[in-house]
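A.B. asks: Respectively, the protein sequence lines represent chains A and B. Per the numbering used here: the first sequence = residues 5 to 233. Per the numbering used here: the second sequence = residues -16 to 173.
Bear in mind the hints are in silico, worked out from the structure with no lab data behind them. Do not rely on the hints blindly, as some may be mistaken.
Stated by the list, open to error - So the derived list for chain B, only partly shown, Cβ under 10 Å to chain A, looks like this: (1) -3; (2) 12; (3) 40; (4) 45; (5) 66; (6) 122; (7) 123; (8) 145; (9) 169.
To be verified - Selected chain B positions facing chain A (Cβ under 7 Å, derived; list incomplete): (10) 19; (11) 23; (12) 31; (13) 41; (14) 56; (15) 60; (16) 109; (17) 112.
Unchecked claim - DEER-style ranges, computed between Cβ atoms: (18) 140(B) x 7(A): 15 to 23 Å; (19) 142(A) x 151(B): 14 to 22 Å; (20) 49(B) x 10(A): 36 to 44 Å; (21) 172(A) x 150(B): 29 to 37 Å; (22) 58(B) x 140(A): 41 to 49 Å; (23) 55(B) x 104(A): 29 to 37 Å; (24) 139(A) x 56(B): 42 to 50 Å; (25) 139(B) x 115(A): 51 to 59 Å; (26) 120(A) x 56(B): 46 to 54 Å; (27) 110(B) x 22(A): 23 to 31 Å; (28) 166(B) x 136(A): 18 to 26 Å; (29) 49(B) x 104(A): 48 to 56 Å; (30) 112(A) x 159(B): 30 to 38 Å; (31) 159(B) x 233(A): 53 to 61 Å.
We treat Cβ as the ideally placed atom computed from N, Cα and C, and that holds for glycine.
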Amino acid sequence: MRELEHELRALRSSVEFPATPDIASAVASRLSDTSPASPWPRRVALVAAVLAVAAAAGLAIPQARSAILRVFGVGSVRIHYVDRLPAVRPDAPVALGPTISEDDAPFPLLRSDLVGTPDEVHASAGVVTLLYGTPTDVRLLVTQIASPALGPNTVKKIVGTTTNARIVTVDGSPEPALWIEEDPHVLALPNAPERLAANTLVWLRDGITLRLEGATTLEQALRIASSFH
Amino acid sequence: MYERTVVGRPLEEPELVARAQRGDAAAYEELVRMHQAIAFRTAYLVTASAEDAEEVAADAFLKAFRALGRFRRERPFRPWLLTIVANEARNRRRAGIRRQALALRATTESRPGDAAPSPEAAALDAERRRQLLEALARLPDDQRLVVECRFFLELDEAETAAVLGVRRGTAKSRLSRALAKLREEAPDDA
């Protein structure tokens, strides 16, 4: 009887793959526009060192079946750097909770003259989201959380090794903000299924943690962020 | 061009990685050259398109370069790279661009410059090759991919798990199921 594994090994030498193109030259010609990421800035590393203890004490995400490399936070948002993102349905819905009127929000919301009145306001478990567009055609999401009231672990963002995340500054906010871009990351909000999220800015203002999703560039995100007060 | 400490001695991978982390583009180009074939073939198995695979591999190498500062040099480079390639390929596949089923083919004639076939390969007749590849193409994607990674790309367990985006144990059990299914689909006494 022939062993299937032997047959598959024998088959390897005759399997046809397309010829490998000269990727190295193509990459080399594009390298001049980029540079390797620096190791995390000192400030982040310090925060990470402190919070790594917290992670070991039980803040680890059970759904993330991968090694947590670093953890740090901005307000009520905790950022978990992992070597492999947990499995998330790519079509997981944007679940924001029921709609409310702005007057019914559990805390005074920050508003922006630049982006104006949201099309809808949603609230779930103390997390309020301003929606610009419609639930099926989202243009911009601004999530607001009263940080001291809900604690530091309200929102988890799970970031893989191929996602860029860097510390930035929002005008008018003394605290460091975080810009997450390129590959999608996983967002875990209370009472909502984990979903993939695109470019996101997280910052603090007046004791409220804000999270902006939908801006395509950092400059655009910073301009919108500084308009919320 | 990166420096060579000993004339004529090609630099080893850890040294190339270290230099690339310091921004040495020539060292990184050399790294890409070392791994471009496995990256391209991995991307091809996931995307089922040579054109997509080329773009995916190039994009993955650029992302890897940007992320290189966070790569820990005590770990092997290839599984880390293949994780990025496979993520990029899966994203491309999810985008639904030119999605098609992958059906690998076997060569029927030797080509100029080909090495003489191994005794095992010579023993595997054309009909059996076709039968196995057709059965493989009928497997669910995740089972097809694990077989192709292990036997056609000769990835080890850790690398296969990286490509599949699962733990090693999961990759191993998936391979077992895939082989069992293949035995049903292509019995050797057919």
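A.B. asks: Could you run down the list of hints and mark each one as holding or not?
C.D. replies: Taking the hints in turn, this is what the structure says about them:
no.	hint	verdict
1	-3	violated, 15 Å
2	12	holds, 4 Å
3	40	holds, 5 Å
4	45	holds, 6 Å
5	66	holds, 7 Å
6	122	violated, 12 Å
7	123	violated, 16 Å
8	145	holds, 8 Å
9	169	holds, 8 Å
10	19	holds, 4 Å
11	23	holds, 5 Å
12	31	violated, 11 Å
13	41	holds, 5 Å
14	56	violated, 12 Å
15	60	violated, 13 Å
16	109	violated, 9 Å
17	112	holds, 6 Å
18	140(B) x 7(A): 15 to 23 Å	holds, 19 Å
19	142(A) x 151(B): 14 to 22 Å	violated, 38 Å
20	49(B) x 10(A): 36 to 44 Å	holds, 42 Å
21	172(A) x 150(B): 29 to 37 Å	holds, 35 Å
22	58(B) x 140(A): 41 to 49 Å	holds, 42 Å
23	55(B) x 104(A): 29 to 37 Å	violated, 46 Å
24	139(A) x 56(B): 42 to 50 Å	holds, 46 Å
25	139(B) x 115(A): 51 to 59 Å	holds, 56 Å
26	120(A) x 56(B): 46 to 54 Å	holds, 50 Å
27	110(B) x 22(A): 23 to 31 Å	holds, 24 Å
28	166(B) x 136(A): 18 to 26 Å	violated, 55 Å
29	49(B) x 104(A): 48 to 56 Å	violated, 41 Å
30	112(A) x 159(B): 30 to 38 Å	violated, 58 Å
31	159(B) x 233(A): 53 to 61 Å	holds, 59 Å
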